[in-house]
Amino acid sequence: MAAFIVGVFFILRAVITPAFEELELEAAHTDLIRADQAIQTDIDNLMAVSLDWGPWDDIYEYVAGRNLGFQRSNLVRPTLTNLGLDMMAVYELGGRLKWSQLLHEGEERPLADLRLLEADSPAVHLLNAHANADSATVGIVDTALGPMIISSQPILRSDYSGPVAGALVMAQFLDEARLGRLRERTEVDLTLMLAEDYVIEGERGLSDIAVGELPVRVSDEAVTNCVVLADILGNPYLLVSSKTPREITSLGQQTVSAALLFLAAAGALLVIILWWFMKGTIIRPIETLTDHMNKIRKSGDLSDNLNLNSDDEIGLLAGQYDKLNSEVHETRAALLHQSFKAGKADTAAEVLHNIRNALTPMINGLERVGKAFKVGDGLHVKEAVEQLSDPESDPEKAGKYVQYLGASFDRLEAVHSEARDDLNTVASQARQVEAILADQEKFTNVAPISENLVVDEVVEEAALVIPKDSPTEIDVDVADELNNYRVRAHRVGLLQVLSNLILNAYESILRAETKEGRISLSASETVIDDTEMVQLTVRDNGTGFEEDVRNKVFQRGFTSKDEGDTTGLGLHWCANAVASMGGRIFADSQGEGQGAEFHVLLPAAQGG
Amino acid sequence: MGSQYNDENIRVLIADDDEYILQAYRDAFADTESTQAMRALDELAAELFDTTDSDDDEPHFDVVACSQGDDAISLAEKAANEGHPFDVVILDVRMPPGIDGVETGCRIRELDPDVEIVFVTGFSDVPLEELQRRVPPPLKLHYFNKPLSFSRLAQDVASMVREH
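Order-wise, the sequence lines are chains A and B. With the first letter of the first sequence counted as 1, position 62 gets the number 62 in our numbering; the numbers rise by one all the way through. The number in our numbering is simply the position in the second sequence, starting from 1, with 608 added.
Next up, chain A with everything else stripped away, as it sits in the complex (with noise of 0.2 Å):
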């Protein structure tokens, strides 16, 4: 934002500011346009009024020396006073001066103070004599007193014919009051100043102006133009200057710092806006996302939905997140519990494999003993020595039966030596029967993988196990509530202890021959030493049982069913279970026929 701001300031700066500046410029030619207007109308004025006096003919015959009277009743200060004229002068012709009268701050002067109308003047002839009835000199003129607009024309008769009598002189000073005048009028501030003082860096002199308008000179506060008239001779003269206050400028500036302010003030506004809006619609639904993707990964529980309702696009991607973790969810229990039972089939036949080979030599061992035993049935020790104990026997015979006697024995000796070695396999096969064992029972202290369980799913699945064939009417009653209880546990071990309480509870009902069976599951929460606990509860209405065997019906071996209807090792091995995922089991009864509950207690899931 603050880069956009910077970079709307510079193209501002480069596209809005110059525009100013050239407008300013603008506006400041044009007041040097009015104030050189303004001289050349009072120069205009001015001869306008010489042309009513120059071509009359009071003043012709007056100045041909016969109406004397025009001079008491016209050339009298009041009227140069009425006329706005600082001199005035009558020359007859010939250039000889007959009346003049010069006012000078108020004070009446001698004209020969101007040294304007002196013989030596340069100026003098194109003021004191006209040659022919055309002949007229106006413009600005160089004096003694300062400078002074000046109108000479040919006095005329009225009708404007000839010949030329004489000239007729009036002038203005261009003096301060006359400025403070043209400043009004013109509402321009303008100075004048002669052409000679002018100097440029002080580099230009006189000698390097020429009439007409000198390169504008810009400052801060101020644009200044200035344009150089010529004198009646036609010589650079007088320096017109209008002096412009930068206001456009300074207004382009401030309109330029306004728009960035206003730009800044509706950025900032729209980025809170934006920010509002984001926050709410983007922002908050992604943090509420981050943080339930967090606490999945920490608590590992897939079964933890989010459920964010919203039609825009986040929702959809928290409905499909939603979606994923479930399938998630239930791809990673059902991969547990296949990997637990494929793990249990490779362990199976793997010790299978193992404990049938070594049962080969065994069996072989002991059918080879079991022959061994045999060979002294296919010898004939026994005759062989009554033979020999035998007066009557043939003699010849009795080195044979000796020898037959010591072959005998050998023969037992050898099978002896077999056997011997037989059975040392068949000691050294048990003993390998014992390690396969020894190495299963290592297994079984081995912790199954605990995951976070949504109770009611694994007790919807337990109570499965109730048959559908089942000769008396059980009523299964799974608690609402369940849906809102998380447990830490092994879905497989759990999935079993609680199929095997309902069973339990189930043959109760049945041994109890009631009508309405009844099973009920329920949850709660519980603290045991600082852990938070689910307490499970499968209750029956089935033959329950006494106080003194309420601490027995865990113990190995312990049954309250028809002899040979079972091991007694069911719930023996639901305590165990139960144990070693970090829970305990308890069970209660009012009494023979008053049904029985099973508790079992198991670690809350972390993270809800």
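Per the computed footprint, the stretches of chain A lying under chain B, defined by three or more beta-carbons under 8 Å from a beta-carbon of chain B, are:
#, segment
1, 362 to 371
2, 388 to 402
3, 405 to 414
Hints were generated in silico from the structure; no laboratory data involved. The beta carbon of each residue, even a glycine, is placed where N, CA and C say it ideally should be.
Given the structure of chain A, go ahead and fit chain B onto it with the hints provided.
Coordinates of chain B only, in the frame set by chain A:
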């Protein structure tokens, strides 16, 4: 063991990775062999007590044993090349770290279409139908689960050879 060929003996090749089992095989299939001392004892008994030698009808085996499938294939190929192929090959299914008994049976079947192949295993992941498909024909394929009596197996082996 069994390096001397006797055309009347049943030639048996056994492969099992368990040395105790191999020894049990050897003991069982050598049971019917008579040592010189035993023959002398029998001759004396016949002379002194007028008994007859009841061992004449017992089958006799030439047994070659190994612990890996690759060795069994080499031995079967060598015996076939020498013109004395085995009558029966007894294979364990699991024989780590080498190839398993099923693969060994397939290869030996390619070498000798007539040999009787016996699978003996403590546990097999391979169903019997697949064994019959991979090591045909079914009539020359036999399957036993451990544990079993090898002396009885020896009798069965003798029966297989006599019947075919």
